[in-house]
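Use the sequences and the hints to build the structure in full.
If you read the sequences in order, they're chains A and B. As numbered in the numbering used here, residues 360 to 813 make up the first sequence, in order. As numbered in the numbering used here, residues 360 to 813 make up the second sequence, in order.
Careful, some of the hints might be misleading.
Because identical chains share one entry, a pair is satisfied inside a single copy or across any pair of copies.
Unchecked claim - 30 Å max Cα-Cα, derived DSS-like pairs, lysine-lysine: (1) K551 x K647; (2) K713 x K647; (3) K566 x K488; (4) K780 x K488; (5) K780 x K713.
Just so you know, the hints here were simulated from the structure itself, not pulled from any lab data.
There are 2 protein chains.
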Amino acid sequence: MAQNISLSVQSLDNRIRDLLAAGDLQGAARLLQEAHPANIADLLEGLDEDVRLQLFRNLQLDHAAEVLDEINTEATLDLVGAISNESIADIIEALPVDDAVDVLSELSSERAEQIISHIEPEEAREIEKFLDYAEDSAGRLVNSDIARLAEGWTVAQSLEFLREVGNHGLTLAYLYVVDREGRLIGLVPLQKLVTERPETPIKAIMKTDVVFVEATADREEAARLVAHYDFFAIPVVDARRRLLGVITHDDVVDILQEEFTEDVQRQGGSQPLEGQYLATPIRVVFQKRVGWLLVLFLTEMLTGTVMRVYEHELQSAVALAFFVPLLIGTGGNSGSQTTSTIVRAIAMGEVQLKDVWRLLWHELRAGLLLGIVMAAIGFGRGMLWNTGVPLALTVAIALFAIVLWANIIGAVLPPLAARLKVDPAVISGPVMSTLVDATGLIIYFSLARWIIGL
Amino acid sequence: MAQNISLSVQSLDNRIRDLLAAGDLQGAARLLQEAHPANIADLLEGLDEDVRLQLFRNLQLDHAAEVLDEINTEATLDLVGAISNESIADIIEALPVDDAVDVLSELSSERAEQIISHIEPEEAREIEKFLDYAEDSAGRLVNSDIARLAEGWTVAQSLEFLREVGNHGLTLAYLYVVDREGRLIGLVPLQKLVTERPETPIKAIMKTDVVFVEATADREEAARLVAHYDFFAIPVVDARRRLLGVITHDDVVDILQEEFTEDVQRQGGSQPLEGQYLATPIRVVFQKRVGWLLVLFLTEMLTGTVMRVYEHELQSAVALAFFVPLLIGTGGNSGSQTTSTIVRAIAMGEVQLKDVWRLLWHELRAGLLLGIVMAAIGFGRGMLWNTGVPLALTVAIALFAIVLWANIIGAVLPPLAARLKVDPAVISGPVMSTLVDATGLIIYFSLARWIIGL
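Shown next, in the form of structure tokens:
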């Protein structure tokens, strides 16, 4: 097994709680600082607000800064709310620019401005430059703390430069070569630099075919490129192709996980929560769900209207009603199977808009096969219930048609949403069920009228 | 915008198709080799099988190897199926061990053995060592091509060693320090090494508190650790703590994306597909979906049984049936909202089994609020339809109870599944709808009997 983080966090947690119970706050803070910032953040999130604040105040500046960057939004707001602008400014100055931007993004813009006014002017300008980019843009994630090599240098000069600037958090895995205007012109992996002969000119070993993003691009675009090319980091440039910094693999993992979480929640039929689930107040959980639940409820009212239209048929053969939940449930299920697969294929870039006919053809055939199986079993079920051949036949054909119909609209709606610049993930299981319910009932009762002749 | 890969792939694609149309296979292969292997793989996947094979045969060995590693399973099987064991063995020898293991894993074990018998014995043994680990284990992803530093060396000796071994695909971002038995004892980031003074002993600058995984651990465990600590790579050791190699950030991104795709498909109510959607034969799509669809269909038959039990009530007031789809649909929707959020929170490690009471309390309150809103609107709808106060009241109370019930079981079932070592993602939207349908009808008809007094 792995060196188990939850276990070691657990034992640390217990020891810290013991020290806190004994009133030894400094001892607890000292012990806490031995842990990785990601684990400190986890521990603090689990403590009561006042204890968390006391411990946080007793952390060294560097540790406090890293913890503030790792901790969740709710805990950040609690801590920042209880600490003066000056102290928070000191903590934020200890962070790399991208993490400082990240923390400040979570605060109200007034509070962020107050804090920035206490940060040293040069760094404040740097932070404000990146804060100006839109919230989901690549610019917001730029780590500007990178090593830039001049185009005229040799390997030896570059290594000398790296030794001079030292190891102060610089992201050195890739070294970027810039021209006099600071424009990105090439890239040298550090591992290539240390294995080349000292007198080799940088220009001779740099890779010039560099993939980059503009700071205004969507952060998902940056994440997709890093995932596609297996990059360690991707350079970010401004409109004039001047190198601003990089987005690193760890940010990409965070982006991917956040986007996944949002997509799953959308697919479940609600708006995505922004923070961790248990830390989200009920009021917010309610707000994120009630909108879609109402829209679906109002759409679902169509089913009542359809059934009223067929009131006569229902009254003549109340057994028709017995199959209603089974039919619409199965339609919803097969629609949900289709959309979840296709929405994900679109998100992974496996399927584009132009593939809509191939999608349709794929799902049409899958729907035919699934529809036939369901129809056969539905017919058997109808016969076993002694509902008579006409009703059993109606149920069987309706099942076949509804499954096929659900697969067709499940194949077509997600690319259509993408075409309309709507996240395909909103075509969720619940949306599919709701759409299939009313239309499925029309199919069912029309067949009943025709076959049973009510 | 970013340097757009789909655009550049598109233009390359067109140029290659032009060359192929003109019969210039070598020209097309030469052009293809200018692209990144990830893009070559995308292009080849889009071509007809025979053209793909011809182009692949004309790639240089290194390129062919990288493409084989990047291409999807279906295309790999096609290509490998058409090429001799000797040629495939040559291509696989050009790959790092972890990628070689990856490609061989996709083949039948007979074919893999035939190919391995043509690989140079030393490398074959190395490949077989990692192939012996279970399919979803960390051992399968180990990149053994890393630089190991001896515990007695200095910074200068280490840099000299790195220059000697050269830059042959070695993953040098972290350098691992091992003792005489090859056991992992420490770690030095390359960027620290190049910024330290030459005479410094490695032991003085190495970090000894190294997080690692055992090769037998689940690959998801490795991915979670890398994501949690923002690592570039994580070392993998055998049972005696001897360093086998590392799992790098790009594999972690792949693991996360694969796991996520599987979870989304499970949440949609089907078994996960293994390859890309459009490349998956209809037969397989059918097989992955029909199982759950049948299980849900058979469970959903309970709704028919429930409705037969209340046949008398339905016959007395056929208007009761009008509300059936609306009620069970709303229950399914709110259940789906709950499970999608909770299943994801479990997958992200935000929620553990011990939190089940907190989950329940959270969803109970959310369910109360949502239930009240739905009940109010349901009552209004009933009154507008002139169904009379008793039926409107029945619908309203039933809506309230069903939403609350759906939230409760949606909160409890995913952690219960985890407890039973079942992937919580199988508690999907469709499973929730199906469970809520029959129980929701019992609630509805019981209320009707009691309030309307049928």
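Identical-chain pair category, K780 with K713, by Cα at 30 Å: within (15 Å within a copy, 41 Å between copies)
Same-copy or cross-copy closeness of K566 to K488 [CA-CA at most 30 Å]: within (29 Å within a copy, 35 Å between copies)
Intra- versus inter-subunit Cα pairing at 30 Å for K780 with K488: This pair counts as within: shortest intra-copy Cα distance 29 Å, inter-copy 49 Å.
Alpha-carbon proximity between K551 and K647, which holds within one copy, between copies, both or neither at 30 Å: Neither, since 49 Å and 46 Å both go past 30 Å.
Intra/inter-copy verdict for K713 and K647 if alpha-carbon distance must be at most 30 Å: between (33 Å within a copy, 26 Å between copies)
When the structure is compared with the earlier hints, a violation turns up for hint 1 alone.
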